[in-house]
Amino acid sequence: STMTRIHDLTVDLAKAGKTCKEIKEIVEAAYPGQSLARSTIFRIIKTMKEGGDVSDKRGLDTTKTVRTPGFIDAVRIAIESDRKLTISQLVECHRASRCTILKILTEDLGLRKKGDSWVPVNSKKPKIPTEDIKCEVDVPDDDFDPEPVDKDDDFEKNLKEDIKHEIMYDKNN
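According to my numbering, the residues represented by the sequence shown are 1 to 173, in order.
Don't take every hint at face value.
Label pairs and their computed distance ranges (CB to CB) [as the list claims (entries may be wrong)]:
1. I87 with G17: 40 to 48 Å
2. E22 with D73: 51 to 59 Å
3. G110 with R5: 39 to 47 Å
4. I26 with N122: 56 to 64 Å
5. R67 with P32: 36 to 44 Å
Simulated from the structure, these hints should not be mistaken for laboratory data. All residues carry an ideal CB built from backbone N, CA and C; glycine is no exception.
Take the sequences, apply the hints, and build the full model.
See below:
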(Lines of atoms letter the chains of each structure in order from A and count residues from 1; the text may use other names and numbers.)
(Lines give C-alpha, C1' and ligand atoms only; values in the text may rest on other atoms or scores of the structure.)
Protein backbone atom coordinates (compact mmCIF):
# COMPACT_ATOMS: atom_id res chain seq x y z
CA SER A 1 0.00 0.00 0.00
CA THR A 2 1.01 3.63 -0.36
CA MET A 3 1.32 4.13 3.39
CA THR A 4 3.67 1.13 3.64
CA ARG A 5 5.83 2.62 0.86
CA ILE A 6 5.88 5.96 2.71
CA HIS A 7 6.83 4.18 5.93
CA ASP A 8 9.59 2.21 4.19
CA LEU A 9 10.96 5.39 2.55
CA THR A 10 10.97 7.09 5.96
CA VAL A 11 12.89 4.17 7.49
CA ASP A 12 15.42 4.17 4.61
CA LEU A 13 15.99 7.94 4.96
CA ALA A 14 16.40 7.54 8.75
CA LYS A 15 18.98 4.77 8.16
CA ALA A 16 20.80 7.18 5.82
CA GLY A 17 21.13 9.61 8.73
CA LYS A 18 18.61 12.23 7.59
CA THR A 19 17.00 14.48 10.18
CA CYS A 20 13.28 14.51 10.91
CA LYS A 21 12.85 17.79 9.04
CA GLU A 22 14.73 16.46 5.99
CA ILE A 23 12.72 13.22 5.99
CA LYS A 24 9.45 15.15 6.24
CA GLU A 25 10.40 17.38 3.27
CA ILE A 26 11.58 14.50 1.05
CA VAL A 27 8.52 12.33 1.78
CA GLU A 28 6.19 15.29 1.28
CA ALA A 29 7.82 15.98 -2.13
CA ALA A 30 7.52 12.32 -3.15
CA TYR A 31 3.99 11.82 -1.80
CA PRO A 32 2.26 15.24 -1.56
CA GLY A 33 -0.17 15.46 1.35
CA GLN A 34 0.58 11.93 2.57
CA SER A 35 3.67 12.34 4.73
CA LEU A 36 3.83 10.72 8.15
CA ALA A 37 3.35 12.88 11.25
CA ARG A 38 6.51 14.35 12.77
CA SER A 39 5.93 12.36 15.96
CA THR A 40 5.84 9.13 13.92
CA ILE A 41 9.08 10.07 12.12
CA PHE A 42 10.73 10.85 15.48
CA ARG A 43 9.54 7.48 16.86
CA ILE A 44 10.96 5.65 13.82
CA ILE A 45 14.33 7.41 14.16
CA LYS A 46 14.49 6.76 17.93
CA THR A 47 13.47 3.08 17.61
CA MET A 48 15.99 2.53 14.82
CA LYS A 49 18.83 4.13 16.86
CA GLU A 50 17.92 1.87 19.81
CA GLY A 51 18.09 -1.17 17.51
CA GLY A 52 14.36 -1.90 17.70
CA ASP A 53 11.96 -3.15 15.05
CA VAL A 54 10.85 -0.32 12.73
CA SER A 55 8.74 -2.39 10.35
CA ASP A 56 5.24 -1.16 9.47
CA LYS A 57 2.83 -2.91 11.83
CA ARG A 58 -0.35 -1.03 10.96
CA GLY A 59 -3.25 -3.33 10.30
CA LEU A 60 -1.65 -6.28 12.09
CA ASP A 61 -3.35 -5.75 15.47
CA THR A 62 -5.99 -8.46 15.79
CA THR A 63 -6.65 -7.98 19.51
CA LYS A 64 -9.38 -5.38 19.08
CA THR A 65 -12.44 -5.81 21.25
CA VAL A 66 -15.71 -6.03 19.37
CA ARG A 67 -19.07 -5.00 20.75
CA THR A 68 -20.43 -8.54 20.75
CA PRO A 69 -23.62 -9.48 22.61
CA GLY A 70 -21.54 -11.36 25.20
CA PHE A 71 -19.29 -8.36 25.80
CA ILE A 72 -22.27 -6.00 26.04
CA ASP A 73 -23.87 -8.37 28.58
CA ALA A 74 -20.67 -8.38 30.65
CA VAL A 75 -20.69 -4.56 30.79
CA ARG A 76 -24.44 -4.57 31.57
CA ILE A 77 -23.93 -7.00 34.47
CA ALA A 78 -21.09 -4.85 35.85
CA ILE A 79 -23.21 -1.68 35.68
CA GLU A 80 -26.23 -3.40 37.23
CA SER A 81 -24.08 -4.51 40.14
CA ASP A 82 -22.76 -0.97 40.70
CA ARG A 83 -24.33 1.99 38.88
CA LYS A 84 -21.54 4.26 40.13
CA LEU A 85 -18.76 2.54 38.17
CA THR A 86 -16.71 5.00 36.16
CA ILE A 87 -15.74 4.56 32.53
CA SER A 88 -12.10 4.25 33.63
CA GLN A 89 -12.99 1.39 35.98
CA LEU A 90 -14.93 -0.39 33.21
CA VAL A 91 -12.04 0.14 30.76
CA GLU A 92 -9.61 -1.40 33.23
CA CYS A 93 -11.93 -4.28 34.10
CA HIS A 94 -12.93 -5.21 30.53
CA ARG A 95 -9.73 -4.23 28.70
CA ALA A 96 -11.56 -2.15 26.11
CA SER A 97 -11.16 1.42 24.88
CA ARG A 98 -13.00 4.31 26.52
CA CYS A 99 -14.87 4.86 23.25
CA THR A 100 -16.06 1.24 23.11
CA ILE A 101 -17.24 1.29 26.73
CA LEU A 102 -19.00 4.63 26.23
CA LYS A 103 -20.77 3.36 23.09
CA ILE A 104 -21.91 0.22 24.91
CA LEU A 105 -23.27 2.27 27.82
CA THR A 106 -25.01 4.93 25.73
CA GLU A 107 -25.96 3.23 22.46
CA ASP A 108 -26.32 -0.45 23.35
CA LEU A 109 -27.60 -0.18 26.93
CA GLY A 110 -29.37 3.18 26.58
CA LEU A 111 -27.77 4.68 29.68
CA ARG A 112 -26.56 8.16 30.51
CA LYS A 113 -24.58 9.62 33.38
CA LYS A 114 -26.75 11.46 35.88
CA GLY A 115 -24.81 12.71 38.87
CA ASP A 116 -22.43 9.91 39.70
CA SER A 117 -24.67 7.07 38.50
CA TRP A 118 -25.56 5.49 35.17
CA VAL A 119 -29.32 5.63 34.60
CA PRO A 120 -31.58 4.62 31.70
CA VAL A 121 -32.29 7.50 29.31
CA ASN A 122 -36.04 6.95 29.71
CA SER A 123 -35.88 6.99 33.50
CA LYS A 124 -38.34 9.86 33.91
CA LYS A 125 -41.17 8.89 36.20
CA PRO A 126 -44.46 8.66 34.33
CA LYS A 127 -46.92 11.37 35.17
CA ILE A 128 -49.92 9.99 37.01
CA PRO A 129 -53.25 11.71 36.39
CA THR A 130 -54.50 13.30 39.61
CA GLU A 131 -57.88 11.57 39.40
CA ASP A 132 -56.13 8.21 39.75
CA ILE A 133 -54.40 9.18 43.00
CA LYS A 134 -56.04 7.76 46.09
CA CYS A 135 -54.89 8.64 49.55
CA GLU A 136 -56.09 8.45 53.11
CA VAL A 137 -56.46 11.60 55.15
CA ASP A 138 -56.07 11.68 58.90
CA VAL A 139 -59.06 13.60 60.25
CA PRO A 140 -58.53 15.09 63.70
CA ASP A 141 -60.89 14.34 66.58
CA ASP A 142 -63.83 16.69 67.16
CA ASP A 143 -62.21 18.22 70.20
CA PHE A 144 -59.01 19.05 68.29
CA ASP A 145 -58.11 22.70 68.75
CA PRO A 146 -55.05 23.78 66.77
CA GLU A 147 -52.75 26.36 68.24
CA PRO A 148 -53.11 29.77 66.64
CA VAL A 149 -50.34 30.66 64.23
CA ASP A 150 -48.76 34.08 64.52
CA LYS A 151 -49.05 35.67 61.11
CA ASP A 152 -46.18 37.75 60.01
CA ASP A 153 -47.20 40.68 57.77
CA ASP A 154 -44.40 39.84 55.38
CA PHE A 155 -45.36 36.17 55.33
CA GLU A 156 -48.22 36.58 52.83
CA LYS A 157 -46.18 38.99 50.73
CA ASN A 158 -43.21 36.56 50.62
CA LEU A 159 -45.53 33.65 49.84
CA LYS A 160 -47.06 35.55 46.91
CA GLU A 161 -43.56 36.43 45.62
CA ASP A 162 -42.45 32.76 45.87
CA ILE A 163 -45.54 31.60 43.97
CA LYS A 164 -44.98 34.27 41.32
CA HIS A 165 -41.34 33.13 40.87
CA GLU A 166 -42.40 29.48 40.58
CA ILE A 167 -44.97 30.35 37.92
CA MET A 168 -42.36 32.34 35.96
CA TYR A 169 -39.89 29.44 36.28
CA ASP A 170 -42.49 26.93 35.05
CA LYS A 171 -43.31 29.13 32.05
CA ASN A 172 -39.64 29.40 31.11
CA ASN A 173 -38.95 25.66 31.42
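> Taking each numbered hint in turn, which are not upheld by the structure, reported in ascending numerical order?
Replying inline: none
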